[in-house]
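A.B. asks: Sequence order for the protein chains is A and B.
Going by my numbering, the first residue of the first sequence is number 1, and it counts up by one from there.
Going by my numbering, the first residue of the second sequence is number 1, and it counts up by one from there.
Check before you lean on any hint, since a few could be wrong.
Said to hold, decoys possible - Computed list of chain A residues with no C-beta within reach of chain B, every gap over 12 Å:
#, residue
1, L24
2, I35
3, E49
4, Q53
5, Q54
6, P71
7, I72
8, M73
9, E82
10, N84
Said to hold, decoys possible - Taking lysine-lysine pairs in the DSSO-like style, the calculated list, with each CA pair at most 27 Å apart, reads:
#, chain 1, residue 1, chain 2, residue 2
11, B, K2, A, K13
12, A, K28, A, K62
13, A, K62, A, K2
14, B, K42, A, K62
15, B, K21, A, K28
16, B, K62, B, K42
17, A, K21, B, K57
18, B, K62, A, K62
19, B, K13, A, K42
20, A, K62, B, K21
21, B, K57, A, K13
22, A, K2, A, K36
Don't read these hints as lab results, they were simulated from the structure.
The model shown is predicted, which means the values in this text are computed figures rather than measured ones.
All C-beta atoms in this analysis are idealised placements derived from N, C-alpha and C, irrespective of residue type, glycine included.
Protein chains: 2
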Amino acid sequence: MKFIAEINIMPLKEILDPQGKAVLLGLKHLQLSEIKDVRVGKHITLSLEASSQQEAKEKVEKACSELLANPIMESYSYTLQEINEKIIRR
Amino acid sequence: MKFIAEINIMPLKEILDPQGKAVLLGLKHLQLSEIKDVRVGKHITLSLEASSQQEAKEKVEKACSELLANPIMESYSYTLQEINEKIIRR
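Start from the sequences, fold in the hints, and give me the full structure.
C.D. replies: This is how it looks when you write it as structure tokens:
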């Protein structure tokens with residue numbers, strides 16, 4: 001079975017987000033001052049082979065918790081989609 | 001009316017993705033070699049005030065096309081959610 005994972009990794013709410021502040025400044029220069037609370041993180045897509053949905057989930061969890069997300073500063077969420085269209089949300 | 005936008009900015013498919021390659025290498029060290037086609041982009045969330053859905057969409061389009069995404073190397077997609085739960089996808 002083949003799966004596609006779409007992963008979002010965001011800075012924890014309480015952590016300062018300098019990238020978000022920089023984007024906010026840029027948006028002001030574009031006269032888009034109605035935009036607030038900008039937060040910038042990573043969006044990662046990947047495909048993987050697994051014998052079951054559960055196994056695919058365990059692999060994505062391992063990838064996120066051991067490599068992709070820094071648990072001290074970031075949180076992660078993902079969707080896992082079997083190629084023949086069954087969407088699984090975490 | 002208040003809206004929340006979730007924006008994904010990804011490198012164009014034909015563009016080399018060194019970050020994706022680096023992540024792939026890291027995953028191999030975690031014995032996750034079943035994972036392929038890793039692509040790394042940005043996930044940006046923001047809130048904005050607008051008098052209508054259409055106006056909110058125009059502001060997010062302007063933010064994406066003029067600041068957040070580099071049209072030569074990146075593509076963007078977003079969802080726009082009115083705070084009282086109407087989800088609009090692009």
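A.B. asks: Each hint needs a verdict: does it hold in this structure or not?
C.D. replies: Hint check:
{"no.": "1", "hint": "L24", "result": "violated, 8 Å"}
{"no.": "2", "hint": "I35", "result": "violated, 5 Å"}
{"no.": "3", "hint": "E49", "result": "violated, 5 Å"}
{"no.": "4", "hint": "Q53", "result": "holds, 14 Å"}
{"no.": "5", "hint": "Q54", "result": "holds, 14 Å"}
{"no.": "6", "hint": "P71", "result": "holds, 15 Å"}
{"no.": "7", "hint": "I72", "result": "holds, 18 Å"}
{"no.": "8", "hint": "M73", "result": "holds, 15 Å"}
{"no.": "9", "hint": "E82", "result": "holds, 14 Å"}
{"no.": "10", "hint": "N84", "result": "holds, 17 Å"}
{"no.": "11", "hint": "B/K2 <-> A/K13", "result": "holds, 20 Å"}
{"no.": "12", "hint": "A/K28 <-> A/K62", "result": "violated, 39 Å"}
{"no.": "13", "hint": "A/K62 <-> A/K2", "result": "holds, 17 Å"}
{"no.": "14", "hint": "B/K42 <-> A/K62", "result": "holds, 21 Å"}
{"no.": "15", "hint": "B/K21 <-> A/K28", "result": "violated, 35 Å"}
{"no.": "16", "hint": "B/K62 <-> B/K42", "result": "holds, 17 Å"}
{"no.": "17", "hint": "A/K21 <-> B/K57", "result": "holds, 22 Å"}
{"no.": "18", "hint": "B/K62 <-> A/K62", "result": "violated, 37 Å"}
{"no.": "19", "hint": "B/K13 <-> A/K42", "result": "holds, 17 Å"}
{"no.": "20", "hint": "A/K62 <-> B/K21", "result": "holds, 18 Å"}
{"no.": "21", "hint": "B/K57 <-> A/K13", "result": "holds, 25 Å"}
{"no.": "22", "hint": "A/K2 <-> A/K36", "result": "violated, 39 Å"}
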